[in-house]
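All the letters of the sequence shown, read from the start, carry residue numbers 1 to 140 under the working numbering.
Check each hint, because a few of them may be wrong.
Said to hold, decoys possible - Pairwise CB distance ranges, derived in the manner of DEER restraints:
{"hint": "1", "residue 1": "94", "residue 2": "45", "range": "10 to 20 Å"}
{"hint": "2", "residue 1": "112", "residue 2": "11", "range": "35 to 45 Å"}
{"hint": "3", "residue 1": "112", "residue 2": "30", "range": "25 to 35 Å"}
{"hint": "4", "residue 1": "113", "residue 2": "10", "range": "36 to 46 Å"}
{"hint": "5", "residue 1": "86", "residue 2": "38", "range": "18 to 28 Å"}
{"hint": "6", "residue 1": "113", "residue 2": "6", "range": "29 to 39 Å"}
{"hint": "7", "residue 1": "1", "residue 2": "44", "range": "25 to 35 Å"}
{"hint": "8", "residue 1": "95", "residue 2": "12", "range": "18 to 28 Å"}
{"hint": "9", "residue 1": "44", "residue 2": "23", "range": "19 to 29 Å"}
{"hint": "10", "residue 1": "10", "residue 2": "111", "range": "33 to 43 Å"}
{"hint": "11", "residue 1": "27", "residue 2": "6", "range": "15 to 25 Å"}
{"hint": "12", "residue 1": "11", "residue 2": "111", "range": "11 to 21 Å"}
If you're looking for bench data, these hints aren't it; they were derived computationally from the structure.
Even glycine gets a Cβ: it sits at the ideal position worked out from N, Cα and C.
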Amino acid sequence: LAKLPRDHQDDTWEWALCVAAEIASSITDVGSARRLEEDLGPLTGTFSVANLLISEFGPVDRSLGLLAACQGKYDLADQRFAAALEVCDRLGANCWALRTEADRRIAAVHAGRAEGDGKDLEARLTRAGLGGALNALRST
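Please work from the sequences and hints to get the whole structure.
Written out as structure tokens, the structure is:
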């Protein structure tokens, strides 16, 4: 992470930060989460794309939600996930919406706020072919 530049370098910079956010949150690297939150914060409301022909990594607010949850800022995480879902709805990004809902549910579990048994989300994830998200839900 220390090798990532602090300013926009090319078409893959934002995407690389979102990938780094995914990694930092999955290993609970709070220090990296703080730095990435600073770098990604100004990009709220956008969808991460690494050059139009290469790849996309979903709503930046989802990455910010992961970073907030990693730091134990569960209220902020919930706000970020809600903003990510708005971006997904606006763009019709249904798979990213389901992934964001799964991340939001995982954060709620960690915060001790999970409601319901998750069966509705599990059914939607299964229909969308997102079994990996189901495994993550089961491991929390």
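> Of the hints stated earlier, which fail here?
Replying inline: 3, 7, 12
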